[in-house]
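Take the given structure of chain A and dock chain B to it, following the hints.
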Amino acid sequence: MWRLDARYLSLMPTTTLSPRTNTARSTTIALKLLMAVTGLVFVGYLILHAYGNLKALAGEEAFNTYAHHLRTFGEPMLPYGGLLWAVRIILILSLIGHVYAAFRLWSRAGSARRTKYAAVKTAATSQWMRWGGVFILVFVVWHLLHFTIVKISPNADKQGAEITANPYQLVVASFEVWWMVIIYVLAMVALFMHLKHGFYSAQQTLGLTGSPKANARAKTLGLGVAALIVVAFLIPPLSIAFGLIN
Amino acid sequence: MSNMNLTLKIWRQAGPQDKGQLVTYRVTDISPDMSFLEMLDVLNEELNAKGEEPIAFDSDCREGICGMCGLMISGHAHGPEKTTTCQLHMRSFKDGETITVEPWRAEAFPIVRDLVVDRGAFDRIIQSGGFISANTGAAPDAHAAPVPKDKADRAFMAAECIGCGACVAACPNASGMLFMGAKITHLGELPQGQPERDARVVSMVNQHDHEGFGGCTNIGECSTACPKGIPQDVISQLNKDLRTAMKNGR
Chain A
1 MWRLDARYLS LMPTTTLSPR TNTARSTTIA LKLLMAVTGL VFVGYLILHA YGNLKALAGE
61 EAFNTYAHHL RTFGEPMLPY GGLLWAVRII LILSLIGHVY AAFRLWSRAG SARRTKYAAV
121 KTAATSQWMR WGGVFILVFV VWHLLHFTIV KISPNADKQG AEITANPYQL VVASFEVWWM
181 VIIYVLAMVA LFMHLKHGFY SAQQTLGLTG SPKANARAKT LGLGVAALIV VAFLIPPLSI
241 AFGLIN
Chain B
1 MSNMNLTLKI WRQAGPQDKG QLVTYRVTDI SPDMSFLEML DVLNEELNAK GEEPIAFDSD
61 CREGICGMCG LMISGHAHGP EKTTTCQLHM RSFKDGETIT VEPWRAEAFP IVRDLVVDRG
121 AFDRIIQSGG FISANTGAAP DAHAAPVPKD KADRAFMAAE CIGCGACVAA CPNASGMLFM
181 GAKITHLGEL PQGQPERDAR VVSMVNQHDH EGFGGCTNIG ECSTACPKGI PQDVISQLNK
241 DLRTAMKNGR
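First to last, the protein sequences are chains A and B.
Those letters in the first sequence? Residues 1 to 246, by the numbering used here.
Those letters in the second sequence? Residues 1 to 250, by the numbering used here.
Straight line, CA to CA, 30 Å or less: simulated DSS-like cross-link-like pairs of lysine-lysine:
(1) B:82 - A:213
(2) A:121 - B:82
(3) B:9 - A:121
(4) A:116 - B:82
These are computed hints drawn from the structure, not numbers from a lab.
Extracted from the complex, chain A is given alone in its bound form (with noise of 0.2 Å):
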């Protein structure tokens, strides 16, 4: 078998064999099924997250036990924290990944209407999308500050070695304090908008959804998803801030 050298195409007698230069990878819909994929990796994620948090309703021993078990998890196969650091590994490469695609199609999608319209409002679906994306990343650092990194802990009279070493104890008084709850309140707000049509999205972008029947259901699905994980993520700190936990 001989392949066809780029160097000879000139001494041709045709130009029907020309180098191929397209490629499915080099395309918008590329950008958008790794949009898709990292944001299902996401999906997943918060639900396993937001499972955790409802173990607060079971109380401190059970709370903190299941922190604890997040470290030593698949121990002695594992190091201690191994899989906690693969799934963080996993989270930072997605998001990597969508923030990157999110950014070169929003640029994109800039150009491709540079002068606006006089008369059309621009749908709030894809104003949700993106600048609520771009909330919902801030406040990811908020969050990680806040109970990952630095354990902030505004609750004056709850500060201490004691409650950064006790996780249990470092939500309860973080959620004690009414501005904590109004940022989480927020997010979670951002985050609905942003699931509904972000997980319905992503079937129609790995083209799960080739019938009107079934584009419908995708619909109902992202609603259901994102009502499901963002109620379950509201119940601890509403919980906590009305003092039904304490």
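Chain B only, in chain A's frame:
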């Protein structure tokens, strides 16, 4: 319904490189039975009589089947009804209303003049792969390649696309995915479309991106604006075909 008086704000632009602006016109005694384009014809006759330059807009069949006309009317592609601009009637508007008329806005559809845009980008997308290669000669027997009813129906539904560009005009990202999805679905559902299926989707999407259209974010403004009601699931089909082509090493 009595005749109407309307205020029109119309985009005027002398040429591709010129700066355009919205110009306000008044039209009086407009019959509610006129089509939107006939109303513009009336205005143009008045402008002609005054020695002013008439407003340039595209139209051809005026039966809603050719896809030539298309205006952004008060923020809606083809106006408030689900039809083409030529089949939109003035009874859809209220007496005394102010109507803003703009051309399709997309860098891939450069403005030629006033309300006329160049939709050659759509032609180039079709040229890149939106066809089947068939030998010339006697037509094959119509029964030679059986097509299941549901596939034939979906292919016909997708083939209804008239390439007017309303999907691009309405899309917040100025994406041409509904147009492309319609063509991919149309040919992909039929046996004749199979041999070139993977190459077609890869070439068309690359051409689409090369023309400067935006990416799809599945908002659905395109289907809402489409005068033929092409649904969102053709975009899902497009995405699936691209993913399959990727898997097959394209």
